[in-house]
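Protein sequence lines, in the order shown, are assigned to chains A and B. Residue numbers for the first sequence follow my numbering, so the first one is -14 and each next one is one higher. Residue numbers for the second sequence follow my numbering, so the first one is -6 and each next one is one higher.
Computed cross-link-like contacts, BS3-like style, restricted to lysine-lysine with a CA-CA straight-line distance of at most 30 Å:
1. Lys60/A with Lys3/B
2. Lys198/A with Lys164/A
3. Lys3/B with Lys110/A
4. Lys198/A with Lys(-10)/A
5. Lys110/A with Lys76/B
Worth flagging that the hints you see were computed from the coordinates, not collected in a lab.
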Amino acid sequence: MIEVKKLVKRFGLKTILRGLDFSVQPGEFVALLGPNGAGKTTFLRILATLSRPSLGLVQVAGHNIPNQAAEVRAKLGVVSHLPLLYPDLTAEENIRFYGRMYGIPDLEERVTEVLEMVGLDNRRKDLVRTFSRGMQQRLAIGRAVVHDPEVMLFDEPYTGLDQDASEMLDEVLRSVAAKGRTVVMTSHDLARAEDLATRFDILSRGVIATSAKHEDLKNTNLLAFYKKSLEA
Amino acid sequence: MKTASPSFFKATMAIVQKDLSAELRSRELLSAMLVFSMLVILIFNFALELDPDVREKVTAGVLWTTFAFAGTLGLNRSMAVEKDRGCMDGLLLAPVDRSAIFFGKAISNLAFMLIVEAIVIPLYGLLYNETRIFQPGFLGVILLGSIGYIAVGTLLSAMSVQTRTRDVLLPILLFPVAVPVLLASVKASGGLLAGAEFAEILTPLNLLIVYDVVFIAISFMVFDFVVEE
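So that you can see chain B by itself, here it is in the shape it has in the complex (with noise of 0.2 Å):
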């Protein structure tokens, strides 16, 4: 039989494809995520007390704060189906640039915390009366932030899942590489929120941006030597 090298991105859509079929029928990560980041956000409304006034100011870090722990847990969930059964093994023996399958679990980590976002960010503004977090500006900062988030993550978690305590190592990688994306995700999104002018967010949104292609550049390159022995 005669077979062609798939191309990369008919590749990285297989695989964004089977990750997003699985996940339709098991509801397993999305589920987990999104009870987690629910339980979060209730439990700082009772720590911090959200009243309106501290409300405003905290509103960025609360929901930061909740994205990045439920990504956390999509992440480690997402690449352990890999490798318990095997699966990365199969994924990394196709003839394909095994930067392919990174971009695949990337797009598809990415997708599913869109969704969790996508049903937070409403719940959020309903429970607390916020509407302001539905401006354009905020939600293309909280897409900025994700996905340079998901990109050292799922470089991470293909590392952590390797190992016997992959649950607690990926949260311990994960979050000072992520500091840069996290703050500056939370300086812009929280100067929006506050109704700061364009210039004023330039600086954190101008570093988000290049974090997220530096993350995405670093991962290209250095996905191949993590995955293999």
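Bound conformation, chain A alone (with noise of 0.2 Å):
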């Protein structure tokens, strides 16, 4: 579903991505790990076609980034740490503008099918600006899934969210976000990317320098794995 090879990525003289290899099969869940400056973001944002890579191949979905980042951004969600709402806005007209945007047929019912899947169709007519955090998020999932995409890449999903927040959020990103889709999260949060991946990807030094699937990590728990990872 996702195919990267010797990705490089310069901003200036900075090399951020130094030849990545990566690759996500259908279905998979990737939780994206490493250390503040590994890349992480830098690297979602090439597959979400927001940033151009320097050098390599990048496809997602079948379509090259970025000659055909338009079918690839048919194909996609996003949730990042910022909800991407207009707070002037009710739930209902930021889910429908976005969904204008991405050309949703009957968009009305679809509108409604994603509020109530992200638990907000009673707050519906309600400013952006009156909602929590929490909320916030639930929403900005409700806008990342409301064209159903095949690939959702959730970058810092948690990132001021309170416990309260953020186990409600892994319940949403569980049952609306990640369901039958092919998910690449970064997180700084092991103990619920551990709960939530099912392969787990250490980013360090522009490179992915350990992988390991959720089975294998039986002897071992995900922070032991990252912190070696890190020292090797």
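Using the hints, put the two chains back together into the complex; each one sits in its own frame.
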């Protein structure tokens, strides 16, 4: 579903990604872990077609980036630590707007469906600026799945959430965003990543340093694996 | 779910409708532009001691200076709304030609600018007993000048909003580039107010139309590169 070969990303003289190889099979949930500045967000922004690769091959859902970026975007949903929502519009107006940008047929039905999925149907007429951070993040998931994408990218979705809101988001991520989809998530929350993901890739110094499947971590936990990967 | 890529026109209109709905509710942008415009006109009145003779000569300049400054405020605010909560990324993630985003933002910015002008021009006429500004030719020049200013302003605000010094950077970038539009607008509208023949204002009018077309074409071509990292 996602194929990346020898990806290089430079900002001026600074090289962030140094020949990164990465692939994700359909239905996999990959947690992309690594220290600050490792290039996780840069990598996700390239997959999301928000940033151009300097060198290398990037394919998402069978389409090349950047040449077929519009085709990729139609199959992609992105949730980041920012909600990407308009505070002066209501919840339903936000979803409706993004639905129009994706050319969704039967839009009103889909708006209701999405709001019900993320548990905000009873607040559909409320302005987003009156929502708590947790509610905004749930609505952000609704925004990201409005076009029923095949691939989901989560960039630090738990940032700024308290424990209760994080647990609620866990549930929505599992039941709405990740269900039946291919997912790549960056996070510093190892416990949550261990709980959600089927594979863990450690990004360090611009390349994938190590990779392990969930079942391979039987005798160790993710924290130990993470530390060992960075020490290597 | 089967989704069809929205047409260029539908995506553009979705952005316009979204901007107008949000502004109708918050009125942050329009109120700032309006208050600023009125203050500028009052300051000019005191600074230039606008007696009837002086007023005849400077009306076009005063109005265009006011619109240019107020327009910068609106352009900055309009793009900051997209940037501050990551909404620009939300727009860029949509499977549409990115120039649809430019046209959507430019049309809503133009609408805000025209609303401000529609309030400021009668107010100017009322305050300074100036009735010549209501002639259709003058209003046509205002429209042409606003289109060119907003076209280049929307493009440059998309660039400046990505920097930390966006409030300062936009006017620094915009005013030198917009000088041809502003000069042609002042010349054409000044000529109309002075009762010049149509042939006399044809040159600035033609320049204005050419600048509008050129700025819109350039913005259409380069917007994708401006907003992408």
